[in-house]
Amino acid sequence: MGGQPAGALDLSQHDFALWEKRVDALMIIGSARGHFTVDGLRRALEDMGEDAFETMTYYERWIAAINQNLVEAGVYTLEELGLRMAEIQARGDTYGEAANG
Amino acid sequence: MPHDHHDHLSPSGHPFRADDDVPLSYWQCMEIAIRELLIDKGETTAAEIASQIDAMDSRSPANGAAVVARAWVDPRFRAQLLENAADATREMGFDIGPLNLIAVENTADVHNVIVCTLCSCYPRNLLGLPPDWYKSRAYRSRVVKSPRAVLREFGLDLPETTTVRVHDSTADMRYIVLPARPAGTERLSESELAALVTRDSMIGTGIPLSAG
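Chains A and B supply the protein sequences, listed in that same order.
Heads up: the first sequence begins at 1 in the working numbering, then just goes up one per residue.
Heads up: the second sequence begins at 1001 in the working numbering, then just goes up one per residue.
Keep in mind the hints are simulated off the structure, nothing from the lab.
Hints may be right or wrong, so weigh each one.
Short, incomplete list of chain A residues facing chain B, as computed with Cβ under 8 Å [stated by the list, open to error]:
(1) Leu11
(2) Trp19
(3) Ile28
(4) Ser31
(5) Phe53
(6) Gln89
(7) Ala90
This structure is a prediction, so every number in the text was calculated from the model and none was measured.
Here a beta-carbon is modelled for each residue, glycine too, at the ideal position from N, C-alpha and C.
Generate coordinates for the entire structure from the input sequences, incorporating the hints supplied.
Encoded structure:
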């Protein structure tokens, strides 16, 4: 996106939420385990299309990219992921409840 | 229970982000699922994830500031830093990982700025996690095209005679700016000097504080 038109800078800062820090940690750990490289993550981000950069937050894009790479690496299947996500949704309505802390 | 944080600031003075108190999102759910699957499969442990987060929280621009102050007082270290910033900072005891790190030096005539137009590559081992604006579309799009205007939005108005160099980071090549030592700091100790080195001065969107 370098060089493209864009608006004024927003210099405000938010505190990183726990789930965002966990995404960051999963990125480092998955990469250290050799399941993907930064280039692999980058490819997944590019594949999401330009819309993703407008509609998803930074760590939402990252978890999606990590997921794609882990599935491709055969660490788990999409079916396993789907089942687990359904299970997690059934635990509660907020992040804290669903994550069991 | 959702809490109402809208009128509250966190202990660090930043607003809580909406993500903290809204119902579980699809992507948060995916994060939990991936984390649990990786733990179940023996790829990682809850303790390893927690310790990664601790390490992340413990890194701050103070690390980079210590490096800059050392370079200001020690010409030999400065030369090493400009030659190979990764090795030089490792020798100072910082874990900077396997990546290449290049220090670019501001002088009387040249001002350097770093960006990652692709995403968010940042010297995080020396500065902590990147600020939100560093990852923003506005910064990444515009700083390569009209750096002077962007720097003015940070309150930094450079003379026309100063050459501005913008360095675009990549996945395995990161930059840190070695800002120019402020005038009138000859008598300051290394730690007093480090206190003048701001995060933005190492990104290039600012300059160090002045002495006194």
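Hints, one by one, checked against the model:
This hint holds: Leu11/A has a C-beta 5 Å from the nearest C-beta of chain B, less than the 8 Å allowed. Annotation: interface hint on Trp19/A holds; nearest CB of chain B at approximately 5 Å, less than 8 Å. For Ile28/A, the interface hint holds, the least distance from its beta-carbon to any beta-carbon of chain B being 6 Å, beneath 8 Å. Nearest Cβ of chain B to the Cβ of Ser31/A: about 10 Å, over the 8 Å cut. The hint is violated.
Checking Phe53/A against chain B by beta carbon gives a least distance of about 7 Å; that is within 8 Å, so the hint holds. For Gln89/A, the interface hint holds, since its Cβ comes within 8 Å of a Cβ in chain B; the closest pair sits about 6 Å apart. Given hint, Ala90/A at the interface with chain B, is violated; its Cβ is 11 Å from that chain's nearest Cβ, farther than 8 Å.
Hint compliance for this structure: hints 4 and 7 are not met, and every other hint is.
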